[in-house]
Amino acid sequence: MSAALDTSGLSVGWPGHAPVLTGLDLRLAPGERIGLVGPNGAGKSTLFATLAGLIPPLAGQISVMGDPLPPATISARIGVLLQHSEDQLFCPTLAEDVRFGPQNQGLRGDALDARVTCALAQCDLSHLADRPVHHLSGGEKRRAAIAGLLAMQPEILLLDEPSAALDLRSRRALMGLLARMPQAMVIASHDLDMLLDLCPRILLVDAGRVQADGPAQDVLSDAALMQRHGQEVPASLRATGPVSPVAIGQRG
Amino acid sequence: MAEAAPRLPDCPRTRLLVALILAFAFASVRQITSLPLLAAFALAALVASGQPLAVVARLRAPAMLALAIALALALFSGSDTLWQAGPLHLRSDGVAAGALVALRLLAIVTLTLVLLGSLPPHKLAEALRSLWLPAILSDLVMLTLRYIDEMRARLARAEAARRLRGGGAGWRALPERAAVFATALIHGQHRADRVWAAMRLRHYGAARPATPPFGLHDLLWIGAALALAAALVWLDRAT
Numbered sequence: 001m002s003a004a005l006d007t008s009g010l011s012v013g014w015p016g017h018a019p020v021l022t023g024l025d026l027r028l029a030p031g032e033r034i035g036l037v038g039p040n041g042a043g044k045s046t047l048f049a050t051l052a053g054l055i056p057p058l059a060g061q062i063s064v065m066g067d068p069l070p071p072a073t074i075s076a077r078i079g080v081l082l083q084h085s086e087d088q089l090f091c092p093t094l095a096e097d098v099r100f101g102p103q104n105q106g107l108r109g110d111a112l113d114a115r116v117t118c119a120l121a122q123c124d125l126s127h128l129a130d131r132p133v134h135h136l137s138g139g140e141k142r143r144a145a146i147a148g149l150l151a152m153q154p155e156i157l158l159l160d161e162p163s164a165a166l167d168l169r170s171r172r173a174l175m176g177l178l179a180r181m182p183q184a185m186v187i188a189s190h191d192l193d194m195l196l197d198l199c200p201r202i203l204l205v206d207a208g209r210v211q212a213d214g215p216a217q218d219v220l221s222d223a224a225l226m227q228r229h230g231q232e233v234p235a236s237l238r239a240t241g242p243v244s245p246v247a248i249g250q251r252g
Numbered sequence: 001m002a003e004a005a006p007r008l009p010d011c012p013r014t015r016l017l018v019a020l021i022l023a024f025a026f027a028s029v030r031q032i033t034s035l036p037l038l039a040a041f042a043l044a045a046l047v048a049s050g051q052p053l054a055v056v057a058r059l060r061a062p063a064m065l066a067l068a069i070a071l072a073l074a075l076f077s078g079s080d081t082l083w084q085a086g087p088l089h090l091r092s093d094g095v096a097a098g099a100l101v102a103l104r105l106l107a108i109v110t111l112t113l114v115l116l117g118s119l120p121p122h123k124l125a126e127a128l129r130s131l132w133l134p135a136i137l138s139d140l141v142m143l144t145l146r147y148i149d150e151m152r153a154r155l156a157r158a159e160a161a162r163r164l165r166g167g168g169a170g171w172r173a174l175p176e177r178a179a180v181f182a183t184a185l186i187h188g189q190h191r192a193d194r195v196w197a198a199m200r201l202r203h204y205g206a207a208r209p210a211t212p213p214f215g216l217h218d219l220l221w222i223g224a225a226l227a228l229a230a231a232l233v234w235l236d237r238a239t
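As they're listed, the protein sequences go chains A and B.
Here the first sequence is numbered in my numbering, starting from 1 and rising by one per residue.
Here the second sequence is numbered in my numbering, starting from 1 and rising by one per residue.
So here's chain B without its partners, still in its complex pose (with noise of 0.2 Å):
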C-alpha cells in the first residue's frame, strides 16, 4: 500500500509526526463553521491515500460510533428543541456538538488510517521508539501486534474443543467461555514470560540503533503540517 500511496511520507516516522500534528489540530476545533474544512482535509487525505474505498471500508465501525456519539448528544443534550415526537426531543445545541464531535472523531480516524494503517507494526514500533517514546512500551505494542492473532487462534481453537467435549451454547455456557477465557489468558501470560527470557537472554536493551536525522522531504512535509494545522487552528478562533 505504501507503494500505491505516493502522496504520503515514506518515513513510518514522519507519518506519525505528521498524524499527531493534524490530529491534535483537528481535536482542538470548537466551532461548527470550521467543520467543512475538517471534512475537506479528510477528503484530501483519502485521495492522498491512493485507496480511498479500502480506507472508507475501514471506516464503518468509527461511522457508526459517530453516529451514535452525535444521535445522544443530538437527543439528550442541550435547551433548545428544534423538534418533537413524544418523549424525543431534536435540541439545536445538542445538534451542533453531535456534529462537531462526530466530525473531529471522522476526521481524525481517517486521517490516522490513511497516514498509519498502511505501516507494518515493526515500523509503527520503530517510528514510535525515534519520537522518544520509551523502548519498553513500543515494544509492547510490537509484541501484542505480533501476538494477537496467535491468542485468538488460541481462543478459537480452545473454545473449539470445548464445543467438540459438549460445551454449550448461549449465556448458560458462560461460565465455561470465562473459563476457557481464563485459561488463554493464563497461556498467554506464560508464554510471555519464555519471550521476554528469551529477549532477555539476547542482551534485549544492552544497545539501541541511533536515530537518524529527518531527511529534507521529511521536514517538508512537517513544516507543511504545521502550517495547515496553525491555520486550521487560527481560522476556527476567528471565526
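Only chain A is shown next, with the shape it has when bound in the complex (with noise of 0.2 Å):
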C-alpha cells in the first residue's frame, strides 16, 4: 500500500535562507498519527509550510499517496492547521467560512450544503453556523478552522500546535475531536501529553535534523534524550513512571 506522505532527503527552510532542517525521510501511513515535537526554531512550521505547497523544498521529494508532488504546489489531500488558526477564518460566519474551501473545489447546491453541514456536524458546530467567527472561543474558533480543512476532505492533515492557548475542556473536546478522525496526521505540538495520548509515534526534530522517530512511549520517557533536545518528559510519563503498550493502546 503507498504510504499517505512520504519524503526522501527531504531539506526545508525559507527561500534565501539556511535550511532550518534537512534530510529527513519520513513515511507516514494512511491512517497513522505521527507527533512532531521539537523546540521553537526547530523547523516544525517551516516543514508543514512545505509540505503544504507553500514553499518549495530545498531539496528533496515529497510524495503523496504514491503520486510525487510537485515542489510548491497544493495539494488537495492535504490539509493545514496553522499555528494561528484564528487566521484561517476569514469568512463572515462560521458556515460562510466552512463553504470556502469546498465551494473553491468547484462543489455547488446540495452537494456543498450537505459537505458543510456534515463538517460542522463532525466537530460539535451545527449549533453556531450562522455565528460571526470573530464571535466563536479559542476552542470554537480551533474546531471551526478543522471544520473548513473536514469539509475539503483532506486524506493528510498537518496540525500546526492544535491545543496551544485552549482551556481543558476546549483541549479535551478537541481531542475527542482528533482521536476520532481517520485521516493521517502529523501533529506538531509542545503538549506532549496530548501527544501521548493521539499519536503511537513520536517524531523529535532538532539542530536540523530527525533526533528521534520511533514509538511515542519510548521517546517521550526518554529523559536523557529529551533534556538534551530542550524537551521534558510529559507529566504523566513522570507521575507514573514508563507506560506499558497496552496502556497506550487502551489511550489512543
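Check before you lean on any hint, since a few could be wrong.
Claimed, not checked - Here are the computed lysine to aspartate or glutamate pairs in the EDC-like style, where the Cα-Cα straight-line distance is at most 20 Å: (1) K141/A with D167/A; (2) K141/A with D87/A; (3) K141/A with E96/A; (4) K141/A with E150/B; (5) K141/A with D149/B; (6) K123/B with D130/A; (7) K141/A with D124/A; (8) K141/A with E161/A; (9) K123/B with D139/B; (10) K123/B with E96/A; (11) K123/B with D10/B; (12) K123/B with D218/B.
Claimed, not checked - Non-contacting residues of chain B with respect to chain A, defined by C-beta distances greater than 10 Å in every case (computed): (13) T81; (14) L90; (15) I148; (16) I186; (17) A198; (18) H203.
Derived by calculation from the structure, the hints in this document are not laboratory data.
C-beta: ideal position from N, C-alpha, C; glycine also.
Fit chain to chain and form the complex, with the hints in mind.
In C-alpha cells, the structure reads:
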C-alpha cells in the first residue's frame, strides 16, 4: 500500500535562508498519527509550510498517496491547521467559512450544503453555523478551522499547535475530535501529554535534523534524550513511570 | 436595516447598480437650476431608507466637508464680488460653483448611504464581484472591512501599552507614536500573509460561483434608475 505521505532527503527552509531541517525521510501510513516534537525554531512550521506547498523544498522529494508532488504545489489531499488558526477564519460567518474551501473545489448546490453540514456536525459546531467567526471562543475557533479543513475531505492533516492556548475543556473536546478522525495526521505540538494520547509515533527534531523517530512511549519517556533537546518528559509519564504499550493502545 | 427599508431593492447587486447609475447622473449636473431636483431626489432617498434620522446622523462629516468646499469656492473663486469685508470677497460665481459642488456631493453621499450603508461588508463585496470587478479587488474590500476594526483595536492596545510604560503625550511623543503605528502595520502585514496562505491552502480562486441573472423586480429598479438619470441629465442640459 502506498504511504499517505512520503518524503525522501527533504530539506526545508524559507527561500533565501539556510535550511532549518535537512535529510528528512518520513513515511506516514494511511490513518497513522505522528507527533512532531522539537524546540521553537526547530523547523516544524517550516516543514508544514513545505509539505502544504506554500514554499518549495530546498532539496528532496514529496509524494502524496504514491504520487510525486511538484514543488510548491498545494494539494487537495493535504489539509493544514495553521499555528494561528484564527487567521484561517476570514469569512463573515462560520458556515460561510466552512463553505469557502469546497466551493473553491467546484462543489455547488445540495452537495456543497451537505458537505458543510457534515463538517460542522463532525466538529460539534452545527449550532454555531450562523455565528460571526470573531464571536467564537478560542476552542470553537480551533474546531471551526478544522471543520473548514474537513469540508475539503483531505486524506492527510498537518496540525500545527492545535491545543495551544486552549482551556482544559476545549483541549479535551479537541482531542476527542482528533481521535475520531480517520485521516493520517502529523501533529506538531509542545503539548506532549496530548501527543502521548493521540500519536503512537513521535518524531523529535532539533538542530536541523531528526533526532529520534519511534514509539511515543519510548521517545517521550527517555529523559536524557528529551533534556538534550530542550524537552521534558510529559507529566503523565513522570507521575506514573513508563506506560505499557497496552495502556498506550487503550489511550488512543 | 434592510427589513426596515422595504422601498429599496433587496438584491445588493441591484442596489449597487442603482447607486452607480444615479451617482453618475448626479455628478453630471451642471446647472444651478437643477439643484432643487437633486435635493428632491436625495430627500426621497432619505424617506425611502425608512431611517432618515440615522442616515442624517452619518451625514455630519460629509456635510462639514461640503460646507468647507462651498465656503472656499465662494470666497476664493470667481470675479463678481457680491459683498466685501476687508480682504474677504464673496463672489457670485464662486457661490454658484460652491453650491453646485456641495449639493452634488451631499446628494451622492446620501444616496450611497441609503442604498449601500445598510449592506453587510461581505454582501457589498459579493455585489462588486458580480458586477465584474476582479475577484481579488472585491475580496480585498471584504478583507479590509473585516480586519480594519481588529487593526484599530491592536493599535489602541499598543498605544495603551506605550502610555503604561511611561510614554509621553503631545507632539513630543510623535516619534514613539510613529513607532507604535509602524509596528502595528508590520503585524498587520504578517497577519495578512498568514490569511493569504490560509486562503491559498483552501484553493482560493480555483472556482467562482456563477452569478444568477437579474430578476424582474431588479430589472424594474435598474430601469427606473436609468429613466430617472436620463430625465435628470436631459432637464439639466435643456435649461
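Here is what the structure says about each hint:
{"no.": "1", "hint": "K141/A with D167/A", "verdict": "13 Å, holds"}
{"no.": "2", "hint": "K141/A with D87/A", "verdict": "10 Å, holds"}
{"no.": "3", "hint": "K141/A with E96/A", "verdict": "14 Å, holds"}
{"no.": "4", "hint": "K141/A with E150/B", "verdict": "16 Å, holds"}
{"no.": "5", "hint": "K141/A with D149/B", "verdict": "19 Å, holds"}
{"no.": "6", "hint": "K123/B with D130/A", "verdict": "15 Å, holds"}
{"no.": "7", "hint": "K141/A with D124/A", "verdict": "12 Å, holds"}
{"no.": "8", "hint": "K141/A with E161/A", "verdict": "13 Å, holds"}
{"no.": "9", "hint": "K123/B with D139/B", "verdict": "11 Å, holds"}
{"no.": "10", "hint": "K123/B with E96/A", "verdict": "12 Å, holds"}
{"no.": "11", "hint": "K123/B with D10/B", "verdict": "11 Å, holds"}
{"no.": "12", "hint": "K123/B with D218/B", "verdict": "16 Å, holds"}
{"no.": "13", "hint": "T81", "verdict": "56 Å, holds"}
{"no.": "14", "hint": "L90", "verdict": "50 Å, holds"}
{"no.": "15", "hint": "I148", "verdict": "12 Å, holds"}
{"no.": "16", "hint": "I186", "verdict": "15 Å, holds"}
{"no.": "17", "hint": "A198", "verdict": "4 Å, violated"}
{"no.": "18", "hint": "H203", "verdict": "4 Å, violated"}
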